[in-house]
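A.B. asks: Listed below are the residues making up each chain.
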Amino acid sequence: MNPAIYTQTDKCCGLTSLIAHVRPGDCVVIGGGLSSREPMAALRELVRQAIGNLKLAGSAHGIDVDLLCGAGLVAESAESYVGFEQDFGMAPNYRRACEAGTVAVRDSCCYTLVQQLRAAIAGLPFMPMRSVRGTGFMAMHPEYKTMICPYTGEELLLVPALKPDVAIIHAQYGDAHGNLHIEGPPVADILFAKASKKVIATVEQILPTGQLAEKGVTIPYFYIAALSEVPYGAHPTACYPFYAYDRRHTAEYYRLASESAEAFNGYLQTYVCGCESQTGYLEAIGGVKTLGRLASWRQGVEAWQALYA
Amino acid sequence: MPNPNQCSLGEVMIYQIARTLEDGILAFHGFGSPLVQIALHLAKHTHAPRLVLVAGATYGVNPGPPFLTPTSNDWVMDRGAECHLDIGELFDLAASGRMGRMFLSGLQIDRFGNLNVTRLGRERLQIKLPGGGGGCNLSCDVAHVTIWIAAHRASPDAKGRRRFRLVADCDFITSVGHRTAEGKSRSEMGYRGQGPDGIVTELGVFDFDESGHARLAALYPDVEVETVRENTGFGFPVRKDLSTIPLPTREMVEFIRALDPLKIHERELKPEERARSFPLA
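Just so you know, the protein sequences line up as chains E and A, in that order. Just so you know, we're using the working numbering here: the first sequence kicks off at 1 and counts up by one. Just so you know, we're using the working numbering here: the second sequence kicks off at 310 and counts up by one.
No lab work stands behind these hints: they were computed from the structure. Each residue gets a CB set at the ideal place from its N, CA and C atoms; glycine is no exception. It is possible that some hints are incorrect.
Claimed, not checked - From the derived model, a few chain E residues whose C-beta atoms are all more than 12 Å from chain A:
id, residue
1, G123
2, G136
3, E154
4, A188
5, K197
6, A263
7, L268
8, C273
Unchecked claim - Below 16 Å or equal to it, Euclidean Cα-Cα: the simulated EDC-like pairs (lysine to aspartate or glutamate) are:
id, chain 1, residue 1, chain 2, residue 2
9, A, K493, E, D26
10, E, K198, E, E76
11, A, K493, A, D478
12, E, K194, A, D478
13, A, K549, A, E581
14, E, K163, E, D26
Work out the full structure, taking the sequences as your base and the hints as a guide.
C.D. replies: As structure tokens, this is what we get:
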């Protein structure tokens, strides 16, 4: 089946309708990376709607994947990294779920993922590459095959096309038509958008199409099925230039997630299930005071540095 | 830093990692690796001004971050970058042979430089590790690899058991060194890159002998060969010209302190190692 294109004039909707595009059992890829531009408000809504049995794929992730694991929505993970780097360390919910066997461990690697997405983008069944042969990933992924190159005679690895059911992306700006403008590193978002059957997006601001075009379109509208304007939709990860990473909130998340699954349920109750909307969530995280603190990075290096202390 | 004429273990390790960088190459640091992030900036500031420095997570080229953050994909880390690559282009550079050096670590490092950051437990998963990012691909493709670890020392627990980080064999091979689990060499596998040429730890520096086995090449001034043996899960040869590692200069240490006022790099070190100090060169 050929991948769809999405041509509606106005794709704006609320978070509830946006997330209804995800079905239980879907292969989902999440935009952003590590502590930056994760579509956290969309993922919180996914948790509220309890759409589970998800198969995740991705490059370097952290709190996004950990949250979904902690909410019990993940059946399989083909991420290449899930953790909190030097800041806090290993991802507690992800670890618990993998070690309990509720999440099937199907780790991938960044370039393997890139090649699999490129195959999907080009409409090809697979892409070749040299690496990965000789590592533990071969036994973990029986779908990887080798072949002798008909041109050079060398052995190559073939990785199958990856066509995610849904890509969930948070961008700084979008327009009603669905065009997205991403500022700063796009991570794998552009590849995800082109390889997936559909993209759903949250944005900090919806702009008139002319203004968005002036900023530049990172992902064209016809890949996007629906989008919602959700200010602070990446919190507690960063979405510059609007706001920096909320280390203080992440520390609270990490403390509860590390303590136990029960303690983490308390987090979910306070910040996810107990907040019906993003407005409620923003109140729960400390309202304007917190938001002002996260915008203070603009005041200079000293203020920026203070956010990490 | 209490004594102005001393430097810390972290600063000495950063210098050892920086020394493995050649001038005029393209090198990449991954994420979650502050010692390496700083080492690349130190190398570019000192002996490798023509280094093409690609920052992990942001893929910014030749950035000048005002300070180091505890997370890698932050706008702080790519301020002043000349340009940015995307994820596909970065890994293409390695696959096509343009990337000269990469830096990899592991919860387990084996005698042939294979690394495990995927899982502990062979038959049954005991601990799920975070995963290797693109390390698996890069270990095959990049021209040269520097391995580093700041937790070589495996102090015995209450029952006298040591959990080695340098092990004879990894539970899982995330990134390849000089021999696969089946015993195949890199040339038999047809990898583009030459593999790891050093392991920098907080006790010493290893190179690799002709068989691809780790060999002790240098020691920190406060470490004996016997200490390295006690803390290593495999026997290893020692270079005849075993040396003492060189120490950084005052100017280098000042550069490091200015770049990392929050001392993010110390998070890679165990608290007991942070107390070690060395005279400046």
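A.B. asks: Which numbered hints turn out to be false for this structure?
C.D. replies: 2, 3, 4, 9, 10, 12, 13
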